[in-house]
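So the sequences go chain by chain: A and B. Residue 143 in full-length UniProt numbering is what sits at position 143 of the first sequence, and the numbering runs on without skipping anything. Residue 184 in full-length UniProt numbering is what sits at position 184 of the second sequence, and the numbering runs on without skipping anything.
Some hints could be false.
Any copy, or any two copies together, can satisfy a pair, since identical chains are not distinguished.
With a straight-line cut-off of 20 Å between C-alpha atoms, the simulated EDC-like cross-links for lysine to aspartate or glutamate are [claimed, not checked]: (1) K291 - E176; (2) K218 - E163; (3) K218 - E176; (4) K44 - E68; (5) K252 - D262.
In case anyone wonders, no lab produced these hints; they're calculated from the structure. None of these values were measured; they are calculated from a predicted model.
Here are the chains, one letter per residue:
Protein chains: 2
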Amino acid sequence: MTVAPNTGSRMAFIGLGEMGKAMTRNLHRDGNLTSPLTLWNRTKSTADAHSADLGDCKVAETVQEAVESADIIWSCLQDQSAVEQVFDSIFAADVNITGKLFVDSSTIAPEWSNATAKRVIEAGGEFVSMPVMGEPVVAAAKKLICIPSGKPESVDRIRPYLEGVVCRAIVDLSGEEPGTSSLLKLMGNFLIMTTMETVAEVNVFADKSGIGTKNMNKLMGAMFPNPPHAIYNHRMLTGEYYEGTPIVEVYKALALTGQVLDMAKSCGASVPIYEVAREHLKLVQEHEGSKADITGIYGAVRVKSGLPYRNGAAEGSSNEK
Amino acid sequence: MTVAPNTGSRMAFIGLGEMGKAMTRNLHRDGNLTSPLTLWNRTKSTADAHSADLGDCKVAETVQEAVESADIIWSCLQDQSAVEQVFDSIFAADVNITGKLFVDSSTIAPEWSNATAKRVIEAGGEFVSMPVMGEPVVAAAKKLICIPSGKPESVDRIRPYLEGVVCRAIVDLSGEEPGTSSLLKLMGNFLIMTTMETVAEVNVFADKSGIGTKNMNKLMGAMFPNPPHAIYNHRMLTGEYYEGTPIVEVYKALALTGQVLDMAKSCGASVPIYEVAREHLKLVQEHEGSKADITGIYGAVRVKSGLPYRNGAAEGSSNEK
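I would like the entire structure built from these sequences, with the hints used as guidance.
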């Protein structure tokens with residue numbers, strides 16, 4: 001994979017959660033940057049530690065400083081309220097953003113993407129909405145899917161930093177208004193959730209029917225060897241769905257899936273299997289608390305099938321064949 | 001891909017539906033056979049035509065003749081009753097099957113696989129149950145997944161004709177009783193049906209939400225570029241779900257999914273999204289008749305979302321963006 005030439009833009013990255021860390025690591029290593037990457041994070045110590053880890057970065061004291069120092073400001077924040085706070089503080093500080101490109105990879109509501117784009121463009125800047133599909137482990141492997149939308153010339157400015165740098169594929173919506181990407185990302189979430197539900201149900205079925213999850217795992221590996229199936233299947237069979245760092249905490253997933261379901265209802269789309277998955281997320285939260293992992297859906301289906309929530313695999317005590 | 005050496009076995013193939021035709025074409029071309037392939041089909045004209053098409057084959061007049069002429073008898077029949085008829089007629093004719101290997105790639109009930117294996121082995125033969133995953137178009141591309149089970153030495157006899165000849169992967173259950181493969185194939189059907197339901201719902205959602213199936217198709221292509229997603233998605237967006245040759249006729253799918261659901265109920269597995277998919281299959285049959293294609297699930301979800309069953313794409317009259 002070759003790295004596309006870039007135009008020597010100075011880059012700042014806003015938000016260093018697991019996704020932001022993985023993306024900046026790849027950007028720093030393979031983005032062919034001509035000046036040090038500027039980092040900003042609400043908790044500054046996280047940015048300091050990550051900067052020390054990567055080497056040759058600058059840590060901004062304030063988000064305004066990050067914006068002032070860069071031509072491209074790329075954000076990947078936890079949720080919409082975090083994105084709102086960041087943009088509000090940029091506008092409140094009256095930074096000159098003429099010619100600056102803002103790229104946002106957070107998962108936010110379509111209307112909000114459009115409103116922010118308008119605000120940025122009216123102030124002389126450019127805006128690309130670019131949600132990404134993939135978990136942090138996928139981001140680390142440069143296997144994300146990026147979904148950019150906005151003016152074509154704006155999308156072209158970020159393009160050199162995408163394929164082969166942070167992602168494996170671009171779903172190119174350039175020319176569409178920014179909210180289109182946000183909406184498509186919600187469709188991606190639909191696919192994620194129903195895939196997870198599928199993997200959960202079939203593994204429970206395999207267990208209950210006597211064929212066992214080990215044999216099932218062979219078939220899964222042959223039919224669906226790639227993420228996201230492979231990631232969910234692994235977490236379920238190894239017990240990581242109740243032990244270890246969550247991919248996404250269930251309370252966040254409940255908020256997002258609630259938003260998606262509201263949208264489905266308001267437009268009249270029948271989405272019964274997504275509703276099933278969301279009901280199982282509620283069970284996960286009831287059973288293991290709001291910080292439990294989203295793949296706990298497997299535990300929920302186990303409980304509904306008369307099995308214990310935990311399969312014992314994380315403790316090495318699984319009886320499954 | 002290299003073709004494994006075989007042992008010069010004489011091969012007969014029983015059942016020339018779309019799957020059997022695709023598999024024998026690959027076997028004939030790349031199976032490194034040392035003697036002409038023997039073909040048998042209930043409707044002999046089909047075997048004659050296929051033989052003429054392939055060249056250098058023998059067409060057996062009776063199934064007994066096919067069995068007598070071969071060391072390995074590979075069957076791929078439409079359903080369990082067809083398999084029962086074939087084996088009943090073999091046993092009724094009192095053919096000497098000592099040392100002969102029977103490989104069955106039909107989709108049949110686990111108990112029946114085990115019972116047939118017992119009957120064959122008691123008569124001095126060998127039996128491998130080897131259902132396959134994949135549609136005829138996948139079979140044609142040698143991309144099937146084969147799931148063999150039975151005695152390891154029996155599985156080894158068919159192995160040279162699998163990877164790189166008819167399939168891309170083996171889910172190896174050798175050493176397990178033959179019914180295990182049949183059971184795992186039913187789990188595979190679970191994955192097929194819930195994947196189809198997922199692709200149907202998300203496309204309807206994309207349509208209703210205004211993002212459109214064209215944009216959705218870009219995301220689908222990036223996230224799930226391979227079969228089975230790619231096949232179902234294509235049939236739905238092009239209108240092939242109501243025009244053209246069915247992959248599987250809905251009445252057959254209803255029979256099979258009914259069998260799977262009975263099994264889930266009897267073992268206590270909670271499979272709500274599979275139940276949703278089956279309800280949609282019923283709607284397909286009500287709407288378009290028993291010969292409609294299984295991917296008509298898309299039409300069913302459209303109807304439940306207030307859209308016409310047919311999307312108009314096959315007539316080029318789609319209004320979807």
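For each hint, the structure was consulted:
1. Within a single copy, K291 and E176 get their C-alpha atoms no closer than 36 Å, and across copies no closer than 41 Å, so neither meets the 20 Å cut-off.
2. In this homomeric assembly, K218 and E163 come within 20 Å of each other (Cα to Cα) only across copies, at 16 Å, whereas the closest approach inside a single copy is 31 Å.
3. Taking the shortest Cα distances, K218 and E176 sit within 20 Å of each other only across copies (14 Å), while inside one copy they are farther apart (42 Å).
4. Taking identical chains as interchangeable, the C-alpha atoms of K44 and E68 lie at most 20 Å apart only when both belong to the same chain, with a minimum of 18 Å there against 79 Å between chains.
5. Taking the shortest Cα distances, K252 and D262 sit within 20 Å of each other inside one copy (15 Å), while across copies they are farther apart (36 Å).
Hint compliance for this structure: hint 1 is the single one not met.
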